[in-house]
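Going line by line, the protein sequences match chains A and B. Going from the first sequence to my numbering is simple: count from 1 and add 46. Going from the second sequence to my numbering is simple: count from 1 and add 1.
Hints are supplied without guarantee of correctness; some may be wrong.
Interface residues of chain A toward chain B, partial, derived using beta-carbon atoms under 10 Å [said to hold, decoys possible]:
#1 64
#2 224
#3 226
#4 239
#5 241
#6 245
Please keep in mind that the hints were generated in silico from the structure rather than gathered at the bench. Please read all numbers here as calculations on a predicted model, not as lab measurements. Glycine included, every Cβ here is placed at the ideal spot set by N, Cα and C.
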Amino acid sequence: MQDFGQAFSLAFHLLWTADADLMEIIGLSLRVSLIAMAVSCAIALPIGAALGMSRFRGRGALIILLNAMMGLPPVVVGLCVYLMLSRAGPFGWLGLLYTPTAMIIAQSILITPIIAALSRQVIEDLHGEYAEQFRSMCVPVRTAIATLLWDARYSLLTVALAGFGRAVAEVGAVIIVGGNIDHLTRVMTTAIALETSKGDLALALALGMVLLLIALVINAGVMALRMTATRYSYA
Amino acid sequence: MKCVGFLKIGMVLAGGVWLMAGAAQADQSIIVQSTTSTQNSGLYKHLLPIFKDKTGIQVNVVAVGTGQAIKNARNCDGDVLLVHAKPAEEKFVEDGYGVKRSDLMYNDFIIVGPQSDPAKVAGMKSAPEALKKIAGAEANFASRGDNSGTHKKEKRLWKASGIDPASASGKWYRETGSGMGATLNTGVGMGAYVMTDRATWISFKNKGDFKILVEGDDDLFNQYGIILVNPKKCPNVKQAEGQKFIDWLVSKDGQKAIGDYKLGGKQLFFPNADKGQS
């Protein structure tokens, strides 16, 4: 396969010359997926924490449902969001279809269950250690949730990254609600799909490599942040 | 206490999302529901900057199959429809979703296949005859299978050949259910004949050993039409801007711009707006 060699040099060339179109696409990919991750964290972390530390009837069923929803197919999420945001749908009046906002909404729906389910597990484990102290000190639930989230922050960072990874890599949802419009809603994955359909496999592969590189840089950055923070906390 | 923090973060984020939505709406822009063939061939990259320079209107193209484009336009999710399936377009206008349909440009369909040509159709002119031979040889044929303009055309040609390929679906007749480019990738991958529009084929880069085998039949004519989505059905339609885009495309300037678009020295679309408006 000569495509791989070609793709390598093409990926390098695109990055080296800071291709304007590519930079725009990368920027939008990051913007959409990072915001989706932040929105999802704001919703999912408290839910995950609450679910992780509380005991009530039907909790098991709820957890199973949440875990199952980690497997939401992006195309189905995209279709549902499309039907909601379409002018013919209930939220059509917002005029959000084919905007980056629609893509953020779709990705948030996609990764909220992932972040909630994974953080539930993290918090539950931590709560096992803290429960007795909370009880003895009569800590209110909200404070307990906040404490658990704060003390588990490094593990939760990995959870957030898992969500981000899923968001930035999916194509099924954003291509439906974003429409892959040039200079407006084209992101890395939809650009890859487009180049593949043009038969330009080398360029598609090169874009894929760039996407992987971005994920690598972000993860390395988070790792560095975490290591620095841990060092300071023990200093 | 930190819970309040989360709430605040959430509110700030939500606000940011709204602001961005507002910014995206502020521009003077229209949405065109269109086909993959026009997009993949690079025609829009050639036309839209010219139009934007002239009018300042940003045209956002959503490129999907003709079937889906019409469906999206019926949901009012577009201002202009530019597709290639005349009967479906006329029905769209008849049902009140479109204001008026105008012919815009044409090119033609071709049948491409592997060098080895197992069904020996190379050089044939009649598409239905060629399809008959392919079916007779039970040679692999990759169909779009997605109700797109190209797929509709292909089904009409099968009908003309007197063969119902649906019975061979999954055997030698392979329905990919995806776009033109994806179907060509599949076809090249398994050495199957594919019917495609010429523009997509010329701009397609993963040709392998595939060649044009059947071309030149009147049956293979591929007409593109343009329609303004009816503001009576869809009050959100940007009528003035959409009409400006259509008027420009069918004007002498727009038609010339379409004809000027070449790839590898070959003209991909032939303007014919003045002939026969309907």
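Evaluated hints:
no. : hint : verdict
1   : 64   : violated, 20 Å
2   : 224  : holds, 9 Å
3   : 226  : holds, 7 Å
4   : 239  : holds, 9 Å
5   : 241  : holds, 9 Å
6   : 245  : holds, 3 Å
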